[in-house]
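Undergrad: What follows is the residue order along each chain.
Number of protein chains: 2
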Amino acid sequence: MANIPYKIYLNEEEMPKAWYNLRADMKNKPAPLLNPGTLKPMTAEELAPVFCEELVRQELDDQTPYFEIPQTIRDFYKMYRPSPLVRAYCLEKALDTPAKIYYKFEGNNTSGSHKLNSAIAQAYYAKEQGLKGVTTETGAGQWGTALSMACAYLGLDCKVYMVKCSYEQKPFRREVMRTYGANVTPSPSNTTEVGRKILAEHPGTTGSLGCAISEAVEVAVSSEGYRYVLGSVLNQVLLHQSIIGLEAKAALDKYGIKPDLIIGCAGGGSNLGGLIAPFMGEKLRGEADYRIIAVEPASCPSLTRGKFAYDFCDTGMITPMAKMYTLGSGFIPAANHAGGLRYHGMSSTLSQLYHDGYMEATSVKQTDVFAAAQQFARVEGILPAPESSHAIRVAIDEALKCRETGEEKTILFGLTGTGYFDMTAYQAYNDGTMENHIPTDEELAQGFASLPNIPAL
Amino acid sequence: MANIPYKIYLNEEEMPKAWYNLRADMKNKPAPLLNPGTLKPMTAEELAPVFCEELVRQELDDQTPYFEIPQTIRDFYKMYRPSPLVRAYCLEKALDTPAKIYYKFEGNNTSGSHKLNSAIAQAYYAKEQGLKGVTTETGAGQWGTALSMACAYLGLDCKVYMVKCSYEQKPFRREVMRTYGANVTPSPSNTTEVGRKILAEHPGTTGSLGCAISEAVEVAVSSEGYRYVLGSVLNQVLLHQSIIGLEAKAALDKYGIKPDLIIGCAGGGSNLGGLIAPFMGEKLRGEADYRIIAVEPASCPSLTRGKFAYDFCDTGMITPMAKMYTLGSGFIPAANHAGGLRYHGMSSTLSQLYHDGYMEATSVKQTDVFAAAQQFARVEGILPAPESSHAIRVAIDEALKCRETGEEKTILFGLTGTGYFDMTAYQAYNDGTMENHIPTDEELAQGFASLPNIPAL
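Just so you know, the protein sequences line up as chains A and B, in that order.
Numbering-wise, our numbering comes out as the position in the first sequence, counting from 1, plus 6.
Numbering-wise, our numbering comes out as the position in the second sequence, counting from 1, plus 6.
No wet-lab data here; the hints were simulated from the structure.
Watch out, some of these pointers could steer you wrong.
Each pair may be met inside one copy or between any two copies, as identical chains are not told apart.
Below, a list of computed lysine-lysine pairs in the DSS-like style, where the Cα atoms sit at most 27 Å apart [unchecked claim]: (1) Lys-23 - Lys-260; (2) Lys-99 - Lys-84; (3) Lys-407 - Lys-289; (4) Lys-106 - Lys-415.
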């Protein structure tokens, strides 16, 4: 085997020219979105007031395996892609493991994460449709920043509802979004009906992604020339994020490397779904086998402790319903949980794959995640996002198992972003004041109580 | 000419294996450091209590053109280098200019700047000498972060004196340094004699790089097993930073590109000296000609309004004296100046080259700098550091001149880093509350009054 460099970059000509639609190769397709009024699958016409046309087409298409990436988006990708596939030589040495560890690093752009991959796609189709602007929610702020950047580039208006606890913990994120011209509102807010309702019912709430989605959707459907865009969960987002996995696979293939184990953090599923896409495709088609692990926070454990059921995608229960692993749209994760990945549900596609046994899931505690983050930062140089550090934790644990067994496994994990705007959480960890919160069965039961009562389909 | 990609990366094998020592090709060598007591050139023995041995050798050697980069440092470089040379297609389009703009982007690492290039070198030689740790100062925090990272990697103790106004404006920088295990103290502080003296004379001072240097040097020379390291100004730093220019030139050469104009921001000179090194070498040897422009802030204009004279490198007047363009070690830039580059002097090497007419210098106002930063961020995606934005300002201005004249000039500038920890300053710009401060002649005269009175040499 050739000498593997620290970082493998593709040339511009080697960059993917089409996104891969994982659903095309699934025998059991993800269940369709349902109209909560009729309990019938959502039609393109019903989705059109919320999403722009091309994105509706992408959302509903579970047959077409490849979608060509428009030239404008490919040009934008060239500003910050290809992202490097890094061989973690220093981490391997620090762990004294025979495992070979690779990570796909998506943090080398101003949004600080992989979110930009779908932001530019969604903004592009909105622009093509002649819209004025888009609305969205953001949690940790990565998605909001990404969308602000994409909108600035294309000249679109951008309204962001930011989960209040992030808005307060991350004031500088707001300024980055403002620098890119976005309008940022802490959620829940008094600017929407659903926001006012949530504030009345839960005064003092620090918000959740579910609340913020409700507000952003309300503004989109009630404003002329606006549509709503979402940074995770949706099929279209996984489609755009497949660029991560396609690049990673092309880079590995250049050196004849086949991973044994693929690890990604999972909140709504955007990164994990993108990273695993082409590998899972091979697995679905029976061409190769990979062990695939989704890592979620113990404080918001949708795959490992949730129910596989139809649920609303938002707290306000105004969106269509998706069949997914969910904690219930009424579940609000503990405020002391800093590591992103706060969403109550999980992408329908990933939920179905998990349900069908194509991947595993595990959950990790916040302090263990930050211990991994610190160890990784000190040896690999990159200060990781808390979200990404969930995957680091499990990658390190698996590499340490290899040290015990002597197995030379090849591990690939997704390093979704950097933690430069998460220093409040790092400070808590540095000061020893960070706490873990693992919801009790009673707390989960409260969330499950919010699940809609739907006759079996 | 081949189609130029958005980003040119060198392969690992193409990365420079030696640093280039610009002084070797200078006919008029930079004047030697002087012992302020004897007014004689500092000897290696006299420098040994402050700097470690190999770095003293590098500091004093103005004959050897190349220094081999040790393998450990080359391995560390591979974690975040080569840095990309970016063709600013989007900026060119936004400016509607026939100019071809390239920038060497040094911000893709956790320190957020080029400072890591010298930090790892200085930490490496301290480790090789068997020292326990190093002390330093930091202004904007980039150098302190870089040194913390290098020390964490090598297992060295790291004590950082951080200019108080940056310490307060950038609380998160402190946490990044702590995450990498460093000890961070706001300067001036009560932990040193010189700090106590400065506090007594200037109560309420927001500090300066010069003060912080005094404190760090005092701690280094009075602690067993410690040496002082400095992120700019010194010859050794310019030597290490030559990696920037060497990579940039190698990347341009691959495509047969020759810049007409090279632009870099200048505080102490670390970035500019590194970026221009191989180009200036050709110019000194008469092999090629380039127009080279140093850009400094109007609020701290050492080249454009300073004196070429021997001066102390620090406010406390405990360091050796260097012959340089200086505003006087007693000059303290306005507290509202956010853009880094706050140092009162300029690298002796660059000062000599400027004095001999090998390069130009210009100064720019803070609000004009942030206007350029915002414009750049929106079209090129990268949120630039305020320091780097000085170079962006002049690059944009030169590209706009090309639009007037129709000239297809090739412009290369140094994009030294990212502004993720400078959002307080961006917020002031976004809010319209940012002010400019241009020192009056009287204010400059006050600084000049602190210059030592030395008989002509």
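Undergrad: Next, verify each hint and record whether it holds.
TA: Here is what the structure says about each hint:
Proximity of Lys-23 to Lys-260 under the C-alpha cut-off of 27 Å is found in both arrangements, the shortest distances being 17 Å within a copy and 26 Å between copies. For the identical chains of this complex, Lys-99 and Lys-84 are inter-copy neighbours only, at 15 Å across copies versus 33 Å inside a copy, given an alpha-carbon limit of 27 Å. Taking the shortest alpha-carbon separations for Lys-407 and Lys-289, only the intra-copy value of 24 Å comes in at or below 27 Å, while the best inter-copy value is 57 Å. Proximity of Lys-106 and Lys-415 under a CA criterion of 27 Å is satisfied intra-copy only: 6 Å inside one chain copy versus 47 Å between copies.
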